[in-house]
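Enquirer: Number 165 in my numbering belongs to position 180 of the sequence shown; there are no gaps in the numbering.
No wet-lab data here; the hints were simulated from the structure. Treat the numbers as computed from the prediction; the structure is a model and nothing was measured. Be aware that a few hints might be false.
Unchecked claim - Below, computed lysine-lysine pairings styled on PhoX-like, alpha-carbon distance capped at 25 Å:
no., residue 1, residue 2
1, 195, 137
2, 161, 195
3, 47, 195
4, 47, 137
5, 199, 141
6, 47, 303
7, 47, 199
8, 47, 141
9, 161, 199
Unchecked claim - The calculated label-pair distances, taken between Cβ atoms and stated as ranges, are:
no., residue 1, residue 2, range
10, 134, -13, 17 to 27 Å
11, 244, 14, 32 to 42 Å
12, 152, 78, 43 to 53 Å
13, 103, 250, 24 to 34 Å
14, 163, 250, 35 to 45 Å
15, 194, 65, 33 to 43 Å
16, 99, 140, 15 to 25 Å
Even glycine gets a Cβ: it sits at the ideal position worked out from N, Cα and C.
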Amino acid sequence: MIQWPVLGGLRFFLAWVVLCSHLRHSVPSGDLLMSFQNFNNFSAVLGFLLISGFSIAHSVSKATEGFYRRRFIRVYPLYLAAIIISLIPFFLVGSPITSLDSTQYSQPTLTNLIGNLIFLQGFIVFPLGSNSVVWTLSVEIFCYLLAPVFIKLNSKIILSLIGISAGAYILFSQLKPPDANIAFLRYGLPLILLLWAWLLGFFYFLNAEKPLAKALMIGLGCLLLEFHSGRIGDFDSFTYVISALVLIYSGSIQLSEPILQAFNYLGDLSYPLYLFHSPAILFGYAVLGLRTSWSLVLLALISSIFFYHLIDQPVRIKKNQKLA
């Protein structure tokens, strides 16, 4: 039996890792919060993709009718708000904004903005500089679009697609220039290079009782992360392995009802935290002059809670939405 609150707690942890990894641009020295970046934001992204593939397989296998509408309602209202919020620092202090580590954030062009609004980052345009984490959303959206097709494929075809994507990922890892970053590639390359992670979660849901599915999800991910070792932190593939293990054993984890309720709420917050932490940090740094990790993290958390209750929760209640 799937314990969705446990997966919700995992999603919040992954969003927390990504948040803490982005503090380095705005905080002068390392501290306890910044140490979370050692769990590695790229491994956290892969963990998100695993959970997404697993959850979408569950959703689309229950009912394909209305699937796209459910996904749109779940994803887009908060996403649209995050894109708009990402522009505010530029209206208040101008463009570009230079961070403490000399990273420059520029106001997006109209073309770039429109492209991000319709999830074409990574295909035609680059992700917003002030909210670059949205690059993963285009990967997920195109996986959502293909999910009703994937659910009809047999296991051999899905495994072949995983193999093709993994092979492309290995080639990229070996041939890429030193400064190449998957987040800022175009022409659909982020989707091609990371489809394996999403499909591993999808494949595992459909074959959860098979030892091969478990071994493949853990083993292939760890192997591919070794090819990405130039960017992996002190914990190497630890974050990815934890994500896979929680996915496998979530039904066996015994927790009290209050803890499960807390994890469920944190899981609901994970998506807004992922979307709003970068613009919140930039706003805190450039507009409010905040220079401590604790103040920036607090601002990111407050922003996430605010927009969750302002936008996401009312939309879910109105449309009788359930987290897939």
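Enquirer: Now, for every hint given, state plainly whether the structure supports it.
Expert: Hints versus structure:
| no. | hint | result |
| --- | --- | --- |
| 1 | 195 to 137 | holds (19 Å) |
| 2 | 161 to 195 | violated (35 Å) |
| 3 | 47 to 195 | holds (20 Å) |
| 4 | 47 to 137 | holds (13 Å) |
| 5 | 199 to 141 | holds (16 Å) |
| 6 | 47 to 303 | holds (21 Å) |
| 7 | 47 to 199 | holds (22 Å) |
| 8 | 47 to 141 | holds (22 Å) |
| 9 | 161 to 199 | violated (30 Å) |
| 10 | 134 to -13: 17 to 27 Å | holds (23 Å) |
| 11 | 244 to 14: 32 to 42 Å | holds (34 Å) |
| 12 | 152 to 78: 43 to 53 Å | holds (45 Å) |
| 13 | 103 to 250: 24 to 34 Å | holds (31 Å) |
| 14 | 163 to 250: 35 to 45 Å | holds (41 Å) |
| 15 | 194 to 65: 33 to 43 Å | holds (40 Å) |
| 16 | 99 to 140: 15 to 25 Å | violated (39 Å) |
Violated hints for the displayed structure, listed by number in ascending order: 2, 9 and 16.
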